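Asker: Here is what each chain is made of, one letter per residue.
Protein chains: 2
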Amino acid sequence: MAEDPLVVFTPSGKRGRFPVGTPVLTAARQLGVDLDSVCGGRGICSKCQITPSYGEFPKHGVTVADDALSEWNKVEQRYKDKRGLIDGRRLGCQAKVEGDIVIDVPPESQVHRQVVRKRAEVRDITMNPAVRLYYVEVEEPDMHKPSGDLERLIEALEKQWEIKGVEADLRILQLMQPVLRKGGWKVTVAVHLGDETTPPKIMQIWPGFYEGTIYGLAVDLGSTTIAAHLCDLKTGEVVASSGIMNPQIRFGEDLMSRVSYAMMNAGGDKEMTSAVRDGMNALFDQIAGEAEIDKELIVDAVFVCNPVMHHLFLGIDPFELGQAPFALATSDAMRLKATELDLTLHPSARVYLLPCIAGHVGADAAAVALSEAPDKSEDLALIVDVGTNAEILLGNKEKVLACSSPTGPAFEGAQISSGQRAAPGAIERVEIDPVTKEPRFRIIGSDIWSDENGFAEAIATTGITGICGSGIIEAIAEMRLAGVLDASGLIGSAEQTGSVRCIQDGRTNAYLLWDGSAEGGPTITVTNPDIRAIQMAKAALYSGARLLMDKFGVDTVDRVVLAGAFGAHISAKHAMVLGMIPDCVLDKVTSAGNAAGTGARIALLNTKARGEIEDTVRQIEKIETAVEPRFQEHFVNASAIPNSAEPFPILESVVTLPSVNFNTGGDAGGAGAGGRRRRRRG
Amino acid sequence: MAEDPLVVFTPSGKRGRFPVGTPVLTAARQLGVDLDSVCGGRGICSKCQITPSYGEFPKHGVTVADDALSEWNKVEQRYKDKRGLIDGRRLGCQAKVEGDIVIDVPPESQVHRQVVRKRAEVRDITMNPAVRLYYVEVEEPDMHKPSGDLERLIEALEKQWEIKGVEADLRILQLMQPVLRKGGWKVTVAVHLGDETTPPKIMQIWPGFYEGTIYGLAVDLGSTTIAAHLCDLKTGEVVASSGIMNPQIRFGEDLMSRVSYAMMNAGGDKEMTSAVRDGMNALFDQIAGEAEIDKELIVDAVFVCNPVMHHLFLGIDPFELGQAPFALATSDAMRLKATELDLTLHPSARVYLLPCIAGHVGADAAAVALSEAPDKSEDLALIVDVGTNAEILLGNKEKVLACSSPTGPAFEGAQISSGQRAAPGAIERVEIDPVTKEPRFRIIGSDIWSDENGFAEAIATTGITGICGSGIIEAIAEMRLAGVLDASGLIGSAEQTGSVRCIQDGRTNAYLLWDGSAEGGPTITVTNPDIRAIQMAKAALYSGARLLMDKFGVDTVDRVVLAGAFGAHISAKHAMVLGMIPDCVLDKVTSAGNAAGTGARIALLNTKARGEIEDTVRQIEKIETAVEPRFQEHFVNASAIPNSAEPFPILESVVTLPSVNFNTGGDAGGAGAGGRRRRRRG
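Chains as they are written, first to last, in full-length UniProt numbering: chain A, 1 to 682; chain B, 1 to 682.
I should point out that these hints are in silico values taken from the structure, not numbers from a laboratory. Keep in mind that this is a model prediction, so the values were computed, not measured. Hints may be right or wrong, so weigh each one.
Note that the list lumps identical chains together, so a pair holds whenever it fits in one copy or between two copies.
Calculated cross-link-like contacts (lysine to any residue; reagent style SDA-like; alpha-carbon spacing at most 20 angstroms) [as the list claims (entries may be wrong)]:
#  : residue 1 : residue 2
1  : Lys164    : Thr198
2  : Lys145    : Arg630
3  : Lys622    : Leu380
4  : Lys551    : Cys584
5  : Lys14     : Arg29
6  : Lys145    : Gly322
7  : Lys399    : Glu378
8  : Lys622    : Glu139
9  : Lys164    : Thr197
10 : Lys145    : Lys622
11 : Lys145    : Glu621
12 : Lys376    : Glu398
13 : Lys622    : Gln323
14 : Lys182    : Met263
15 : Lys376    : Gln114
16 : Lys164    : Glu139
17 : Lys337    : Glu296
18 : Lys337    : Glu167
19 : Lys182    : Ala266
20 : Lys622    : Leu401
21 : Lys145    : Asp550
Let the sequences and hints guide you as you build the complete structure.
Answerer: If you want it as structure tokens, here you go:
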């Protein structure tokens, strides 16, 4: 008797022998090959498409004959005629093994397919969403074996899909009976697969085979903006992205002023809770509209936010977060129903909030940790999420430390004389010639430098309106490199610097970046108060990072990751000239973009990642900067540009920092830390 | 070295040696003795009261010295002074073992104390409610070990009470922080202990030690009335009972007419769902008012009902229950939140619905099975819940069968010419002298028979208004025994019977029970149509029981249990003369009162019983009478009084059934089954 045919699957390399006539899907399942199917092998869903290969495969030791798979049967042929199949593809549930065969499972036929992330250094996302679709055929009711329709549906899910202990929301019971009958006892159900403490739950039911998809939301709830990505839970694709201003802004620009609002106004916390929940619903309407989908198809949502936003979103008074010991009501991840938060998505939609790391280090920082995975890093990574409040993570495979530092809104262009949010017309890149001290710059919306041909045309529609966060950082760093700004943060006079761009501005000097007055536009200068504001912010950021380095027992880090929308636009060199971040090889300073949002998307698409980040967060060592005596010392040192105590040898091997000193003995400019009361949680 | 003192606990008999100084509560816990404590041994709750015994105990082999327990300490003394302690009692958490001692744990100090049921033949209820109170001391927050207040509360519950994996409703998170601080980090929490699929959940939190109790509801949702018992979840006591008419009556008197209403009127099911839920809330207001408690202290509720009520209460269209194969939406037990059913109790209150046995045999029958436990019976028990629809259970330890039979409302006095609901003024007991054929009777509200002195005065306020269900059964049975009614159901004429009480009534005869015309009251007769209505009802009941006996393979049963409010008033002898129930030794026919309500109360007070009845229901064999060919045959035989085919030897050894035949050849009276179309589910 001849041996059973050998079946080799690629890319997994899994192989085994199966009797002639075994469907490819069956062989795949028995070998544990990741081959998708929604209809359970009935030739309906086409999710199990495979590509057979024919000919010689010395690598696998197989020769595949032309008749290694069965002829096309009616089901398969009908599917191809009606819906089409890519050339060379077969349906794994219909094609049967007849001889030795090599079968490729294309990515789109894998359940746990990878969602490719653009940045090279990060892992791709493995698809493992909380909610999946299953097609089942349910036994009809029988008077002699009375059991409920639901019990037979649950039995079908167990028998046909091996999902055990499924329950159903009451809603499903209320609408299930006509759907079962309409579908002729064949239905598609959306099942939330549950977690450690909740059983799988049927969330939705459609008659027959449901052709559509289901969606999830990854939401980054910031103090200033709320940004959401709408994702297809089958493919992992982002089908729409949208954002709105956080409507809580009317109660206070920064977090502390919102906590104060809740303390000063009875019911103020409830007002802010309503505001943010209403805002969410408006955003979800907007994003569903953009994607042209029914909002009720959104079955899962993941939220990341800082602790104050977290509490206000959950309807918890943030009072305790406004004072030591900054006690969170809860630090663990939250699994809720969307209705508990007044969110109008699918009526049984679920909500997952990542855990908070500490009273100042929220679920947004946890999401950054999930996206950037310092706990899996071989080298020592410093990850900084730059926003109104900076969250800082430092670690490697051995341990991870976290803290937050109140940078304030200067990095976002606030508190800066010509500052503005990053929007067309804002100066975002600056260069100053060290010899002539003359600047050139670029604005958002154009790639042309201000000294290049076509600049005037390029800016014709937007004009030059101000300077954004990354622009002010480059401007100040370039001023320092060009010698018009000294290490203490004083701008030299025209006399001291030899540049007419240095103009007197009250008792101090300012640097004139752009004079638009001839065209009726603004005059854009960098003033000494601007320098002071940035010094405060960068000193807070640096001293938080430095404190973690102390705790870790190191003086240098191997790499720096700048997260946050702002981080994406910062130039590594300029940040280091300012002393925002520790001295480091320049190309080891990378941007992670909206890492918090990415973390939310990972947690949405891969439920395994939820458990992992919960474990990681429990292991992260939390540092409370407010009570660390060395923080103040680091802060004072970091007020200088780049630093009055710590050397930046790598930076100095790349750039030259002129040794200028514009202090004429007065007290006008120096940005001593003592003159400023620390603001908590800006 | 002397041996450690011996500690003997009664009534458990558990014993062990413990070092001098061991608190009695600690000894009890180590031995697994059931000794209650809410405060965890802090001398606050007084739940751990014990009674030490002194002197010689030959039975236990112990002599107890006067100083076998420690002196009263300050905590214990203060408790006694402030709150009082019964003489001889000590606090188990404060009194320490000093020498050999015998300690009695009084019933009220046992967690799993027994709630005594009045009837001798049934087991008492073991207290094991779903929700319990726990006093805990929570660790204060620490900036250096940031964890949420909730996580520390959960940790305290785990460490101090060994409750693992506790979660909290979002509501608790929203109100917990000020409560923890108000209580100085000492709080009492109500914890729902969860079940197989849900983790324990914190439902309520009070600052410090909460002195009060929490409550649960056992609700019997009938087609006609809704009855509720409010129970103290600490003691198991019923603190108030109340009932209202089911507001759905306006949509139809019986179940089938309500199903029809839903079929005929778009949204009719939703109207009825709202009506019953509104009714529930009104009832709960009423019962909480009677008990003078805050409705928000009601944390758990158990409901029993027939399948149509079950579906309408849950908001499921009962359409499928109105037609073969009578498919239930769900047959399993339901665990819900009260808010899902629009019930306004504690905001996190839970609801438990017992499982349904089949499309016609509901959670009410399951509750009867829980209360009467045929599955634990040594002898073969027939349990009949008599209502508009009779639910019938037959079984013993080996197996249990169940069916329902559409008796219609005749047993409740409906469809009877002088019939009325059981209320003061209704004739409830009847005797007819076999010689004179003269009746005497008693009415509800008086113990005096109509031929006794004082009857006129006794009925002065109520009058004689009609005849209730148990009255009509006794009247007809007595007529049969007195020879004025023949086996086929015909009433003889005055001529045939020699009694002027037999009066002509159209083409048939009637029997005059009471002529109130002289006083302007009603004339109460038993007419031939009355006899026919009762014949239909009792034949349906008997043939259902007989069918189960066929399936069980028996011709007799060992005992009969009559459940339901009506069953409580039926005379066994008269029921048997009518042939309602199978032939049986008379004192083996007992009444179980509102067994469905009792079953609900058991499931409320003892969560273990929930799992047990779910298992039992799965094992019960369901018989669908509608499709059993022998049902019709049994029905025809059972139309005779008592039965045209089956002997009643035990009955005939007690009474004499006169062999009379009043059929004069016409077709007027005989109640042939063929003339009636069976009505399903009355």
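Asker: In ascending order, which of the hints set out earlier in this document are inconsistent with the structure?
Answerer: none
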